[in-house]
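K.L.:
Make a model of the complete structure from these sequences and hints.
Chains as they are written, first to last, in full-length UniProt numbering: chain A, 1 to 525; chain B, 1 to 463.
One or more hints might be untrue.
[Stated by the list, open to error] Only pairs whose alpha carbons sit at most 30 Å apart, straight line, appear in this in silico DSBU-like list of lysine-lysine:
#: 1; chain 1: A; residue 1: K395; chain 2: B; residue 2: K293
#: 2; chain 1: B; residue 1: K73; chain 2: A; residue 2: K254
#: 3; chain 1: A; residue 1: K311; chain 2: B; residue 2: K293
#: 4; chain 1: A; residue 1: K386; chain 2: B; residue 2: K293
#: 5; chain 1: A; residue 1: K262; chain 2: B; residue 2: K127
[As the list claims (entries may be wrong)] In silico negatives: residues of chain B with every beta carbon more than 12 Å from chain A:
#: 6; residue: S44
#: 7; residue: A195
#: 8; residue: N252
#: 9; residue: P282
Worth flagging that the hints you see were computed from the coordinates, not collected in a lab. All C-beta atoms, glycine included, are put in the ideal place defined by N, C-alpha and C.
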Amino acid sequence: AVKGTLRFQVSAALREGQITPTELCQRCLSLIKSTKFLNAYITVTEETALKQAEESEERFRRGQPLGVLDGIPVAVKDNFNTAGIETTCASNMLKGYISPYNATVVQKLLDQGAVLVGKTNLDEFAMGSGSTDGVFGPVRNPWSYSRQYKEKSAPKSHSEDKESKWVISGGSSGGSAAAVSSFTCFAALGSDTGGSTRNPAAHCGVVGVKPTYGLISRHGLIPLVNSMDVPGILTRCVDDAAVVLGALAGHDPKDSTTVQDKFKPFELPNLPDVSKLSIGIPKEYHAPGLSGEILALWSKAADLFKNAGAKVIEVSLPHTPYSIVCYHVLCTAEVASNMARFDGLEYGHRSDTTKSTESMYAATRREGFNAVVRGRILSGNYFLLKQNYERYFVKAQQVRRLIAHDFSKVFGSGVDVLLTPTTLTDAAPYTEFIKEDNRTRSAQDDILTQAANMAGLPAINVPAALSERGLPVGLQFIGRSFQEKQLLTVAKWFEKQVEFPMIQLEEVKRHDHGVLQHQKSASFS
Amino acid sequence: LVPWVPVVGLEVHAQISSNSKLFSGSQVQFAAPPNSLVSFFDASLPGTLPVLNRRCVEAAVMTGLALNCRVNKKSLFDRKHYFYADLPAGYQITQQRVPIAVNGSLSYSVCVDNKMSQMVTKTVRIKQIQLEQDSGKSLHDDTRSQTLVDLNRAGVGLMEVVMEPDMCCGEEAAAAVRELQLILQTLGSSQAVMAEGQLRVDANVSVHHPGEPYGVRTEVKNINSLRFLAKAVDYEIQRQIEELENGGTILNETRAFDSKLGCTISMRDKEGKQDYRFMPEPNLPPLILYDAKSLPANMNHQQVVNINSIHERLPDLPSVKRAKLVEQYGILPEHSFTLLNEDGLTEFFENVVNQTQMKPKKVIGWILKDLLSYLRQHSLTVKESPVSSFLLADLLNLLEKKEISSTAAKQVLAELWKGEGKTPLDIVKENKLELIQDQKELEKICQAVIDGRENEVITGSLC
Chain A
1 AVKGTLRFQV SAALREGQIT PTELCQRCLS LIKSTKFLNA YITVTEETAL KQAEESEERF
61 RRGQPLGVLD GIPVAVKDNF NTAGIETTCA SNMLKGYISP YNATVVQKLL DQGAVLVGKT
121 NLDEFAMGSG STDGVFGPVR NPWSYSRQYK EKSAPKSHSE DKESKWVISG GSSGGSAAAV
181 SSFTCFAALG SDTGGSTRNP AAHCGVVGVK PTYGLISRHG LIPLVNSMDV PGILTRCVDD
241 AAVVLGALAG HDPKDSTTVQ DKFKPFELPN LPDVSKLSIG IPKEYHAPGL SGEILALWSK
301 AADLFKNAGA KVIEVSLPHT PYSIVCYHVL CTAEVASNMA RFDGLEYGHR SDTTKSTESM
361 YAATRREGFN AVVRGRILSG NYFLLKQNYE RYFVKAQQVR RLIAHDFSKV FGSGVDVLLT
421 PTTLTDAAPY TEFIKEDNRT RSAQDDILTQ AANMAGLPAI NVPAALSERG LPVGLQFIGR
481 SFQEKQLLTV AKWFEKQVEF PMIQLEEVKR HDHGVLQHQK SASFS
Chain B
1 LVPWVPVVGL EVHAQISSNS KLFSGSQVQF AAPPNSLVSF FDASLPGTLP VLNRRCVEAA
61 VMTGLALNCR VNKKSLFDRK HYFYADLPAG YQITQQRVPI AVNGSLSYSV CVDNKMSQMV
121 TKTVRIKQIQ LEQDSGKSLH DDTRSQTLVD LNRAGVGLME VVMEPDMCCG EEAAAAVREL
181 QLILQTLGSS QAVMAEGQLR VDANVSVHHP GEPYGVRTEV KNINSLRFLA KAVDYEIQRQ
241 IEELENGGTI LNETRAFDSK LGCTISMRDK EGKQDYRFMP EPNLPPLILY DAKSLPANMN
301 HQQVVNINSI HERLPDLPSV KRAKLVEQYG ILPEHSFTLL NEDGLTEFFE NVVNQTQMKP
361 KKVIGWILKD LLSYLRQHSL TVKESPVSSF LLADLLNLLE KKEISSTAAK QVLAELWKGE
421 GKTPLDIVKE NKLELIQDQK ELEKICQAVI DGRENEVITG SLC
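P.N.:
Okay, here's the thing in structure tokens:
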């Protein structure tokens with residue numbers, strides 16, 4: 001049951017009494033323990049989870065479950081506020097900070113009866129593309145311990161070498177992606193500012209959804225870039241993502257940037273038909289550094305659509321090359337602003353210095369933030385200086401508009417969905433990844449994902465195939481504003497075509513008894 | 001000696017009169033226990049977002065309309081960054097790029113040569129009105145080397161009214177602010193009580209020779225009353241003139257007014273160090289206001305602020321009220337000025353008029369000369385007057401019916417001030433102040449006098 005999918009397997013199993021919420025919760029909690037080495041979780045909320053599971057069980061007993069999500073274990077990235085539970089953003093600044101309220105999306109999940117098993121690990125304040133730069137250490141990609149990866153990596157019988165060969169989970173929502181990938185929960189919340197949900201989804205072989213900006217409330221999500229952040233959804237299949245999206249979407253009066261239109265939850269067709277669609281292949285996404293095998297996979301995917309009768313055409317998003325620099329300016333400027341509140345006065349870490357308020361601020365911020373955060377604050381403040389504002393910030397906003405316009409032009413010309421790679425390569429080994437600094441890595445890794453954030457468009461990573469190294473590679477679909485139904489329908493069709501293999505976690509198998517073999521149309525490798 | 005032209009501009013911060021704060025639902029209340037009116041957003045807890053308070057928008061629109069401004073149908077919010085203990089987020093949300101109202105004017109009156117009878121109308125241009133957050137309060141405890149922070153006020157809505165440098169002296173500045181105060185109180189958009197911090201004024205002062213460009217200006221802060229405003233401005237003008245005549249220069253700086261010493265003291269270097277790094281507030285979409293023409297048919301009225309409906313609901317502004325008083329009661333313009341200037345006096349006056357046959361033109365004299373001077377002497381407000389409008393009307397009726405003389409009336413009034421609960425009639429009787437109306441009675445008395453003083457009268461008539 002643990003490895004099953006939410007919508008079709010586990011939910012049904014719960015309803016039919018094949019398994020109880022408490023049993024399910026306990027399985028997940030035990031799995032979390034046995035996969036501790038992944039470092040996917042910062043806080044495991046064992047007590048509250050079991051309590052929530054009990055309450056769910058009571059509802060099932062009465063025959064009154066709240067919905068598909070009732071009793072389903074979920075995890076939440078540690079930059080979402082969770083009432084009574086520590087929320088750290090993987091930073092010294094918020095170590096020990098207990099949120100006094102629930103983020104709207106967290107509340108919505110709880111209101112549907114979901115069981116919160118824990119807060120997941122991330123790059124500090126969601127700045128990074130590897131989940132390697134948080135104070136609780138890096139997240140390990142579960143695929144590092146998969147039979148698929150081990151078979152492909154040159155076996156040097158020493159276990160030490162095996163240790164050093166573990167690969168990153170991607171970031172910054174690496175903990176959430178790893179948690180879903182390793183079966184410790186059925187769905188997880190991430191956040192996506194420049195690709196932070198889709199990137200780890202691709203590396204960990206799970207579905208990662210970036211919704212349209214304004215569809216899902218950001219109230220309670222500790223912001224990185226307010227004008228680009230969205231809550232992200234990570235699941236093991238597209239149908240599950242649709243369920244979670246349905247529970248989360250909709251206007252929130254507490255978030256003035258959510259649209260007022262009433263949201264209509266949707267179900268995806270069982271047999272999606274893509275023959276009437278137009279799929280765009282943006283040529284600029286053939287970016288420098290794109291691995292040969294991903295390029296080939298991308299091409300193969302395009303052919304799949306062609307063969308199904310869809311119109312597949314090459315399109316151009318000419319301002320794509322400027323997006324990284326543009327993103328850098330706007331992101332750091334907002335970071336500098338958003339981080340100004342961390343002064344040690346009202347909450348969070350406060351330095352011991354008592355010389356003056358100013359020195360207390362300086363020491364608190366130096367001690368509380370890592371180098372990545374501090375670097376972005378300094379950059380951002382530079383761009384916001386009066387003498388630089390026009391030249392950098394305003395200019396970047398103008399370029400942002402051009403980037404968004406590229407997309408609307410393409411969609412306006414009849415293209416329904418864009419198909420692109422999600423990442424340049426499969427997951428790098430940690431020791432390789434850390435050879436370059438965070439800024440360099442982010443600039444490289446964000447290139448395929450962050451334009452969607454600039455334009456506020458919905459996008460989704462769908463696991464497509466395993467690389468030569470036995471690691472997941474995903475492909476990305478980018479859709480029109482607020483057309484999540486169409487986007488997820490295309491994604492679901494693609495998912496059915498590729499039959500991405502289930503991860504075979506060796507360490508985990510030992511601990512997980514009585515696993516129901518699921519009947520997903522996936523073929524096993 | 002070449003004359004100096006002083007130039008005075010003002011930045012007035014008026015606290016919006018509303019139940020809750022500008023971007024959060026916590027209450028607005030003066031003198032509540034410290035940190036008892038602080039929401040998560042006010043404390044800048046991570047993940048909280050601003051939600052605009054409709055009432056605050058309406059207050060700003062009302063004020064903009066009353067000040068003849070153009071209300072911008074689209075205005076924007078910005079972040080102004082600086083670090084200070086009373087600013088939890090490290091930035092203030094304000095309107096720097098496109099404020100809610102611009103290009104208005106305020107007319108006010110000043111006395112020429114301190115003569116109330118010679119009043120001149122002046123106008124000051126209103127550059128803009130912007131919505132912004134108030135900060136919290138910090139108190140410095142030097143003995144324990146600590147700063148105490150109270151965030152009750154953090155996030156309360158403010159309207160910043162910027163007045164162009166069209167004023168020339170302390171008196172004009174004070175008169176302009178006084179008129180603004182009356183307007184705000186009439187609208188109800190702000191209670192504008194300076195003593196409670198609901199109205200704060202910063203003055204920008206510079207001097208120059210006629211025909212030359214404006215001089216370097218200083219900003220004067222820490223002004224707590226209209227009287228101090230006039231003093232501070234006049235002092236600063238003088239200081240600058242003296243400085244320049246002695247060959248010195250004026251620094252573009254902020255100065256604090258010291259009310260005890262009656263002078264301004266340099267605070268900090270305003271220019272240079274402080275770069276506020278203005279940035280659009282990303283969590284608030286542009287504020288869109290509608291009027292009857294632009295309002296879409298299917299729009300939910302709860303979600304919309306309609307400039308036209310606000311305009312229709314505007315009450316009579318002070319200038320209109322004054323004109324009406326003059327017309328209705330036949331009093332002089334300067335009378336109406338004083339009536340409106342004193343809180344509750346107009347009402348008092350009108351109550352007396354309604355309860356007496358005495359003509360308003362005569363009543364006004366009693367109100368402005370006798371009542372008001374007594375109140376001022378004893379530092380009482382109209383509401384605190386021991387003589388109610390009823391009692392005064394009573395007294396004036398006696399006078400009007402010629403039951404007492406006006407000298408006697410003044411005597412009775414003096415007695416009434418004691419507030420011993422006696423009616424005018426009681427006092428008249430006690431002191432035998434009745435005027436004798438009876439002709440025969442009068443003749444009798446006169447005759448008695450003449451009889452008693454026969455010789456003198458005869459002597460007198462021969463002279």
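K.L.:
Run every hint past the structure and note whether it holds.
P.N.:
Now for the hints, and whether the structure bears them out:
Restraint check: the Cα-Cα separation between A:K395 and B:K293 comes to about 35 Å, which exceeds 30 Å; the hinted pair is violated. The suggested pairing of B:K73 with A:K254 holds, with an alpha-carbon distance near 23 Å, which does not exceed 30 Å. A distance of roughly 46 Å separates the Cα atoms of A:K311 and B:K293; the hinted pair therefore is violated under the 30 Å criterion. Our distance criterion of 30 Å between C-alpha atoms is broken by A:K386 and B:K293, whose separation comes to about 39 Å.
Simply put, A:K262 and B:K127 have alpha-carbon atoms about 41 Å apart, too far for the 30 Å limit, and the pair is violated. The non-interface label for B:S44 is inconsistent with chain A: the shortest C-beta to C-beta separation is roughly 4 Å, within 12 Å. For B:A195, the non-interface assignment is confirmed: its Cβ lies about 28 Å from the closest Cβ of chain A, beyond the 12 Å cut-off. Distance check on B:N252: its Cβ is at least 16 Å (rounded) from any Cβ of chain A, clearing the 12 Å threshold; non-interface status holds.
For B:P282, the requirement that its beta carbon stay farther than 12 Å from each beta carbon of chain A is not met, with the minimum near 4 Å.
Checked against the numbered hints given earlier, the structure breaks hints 1, 3, 4, 5, 6, 9 and satisfies all the rest.
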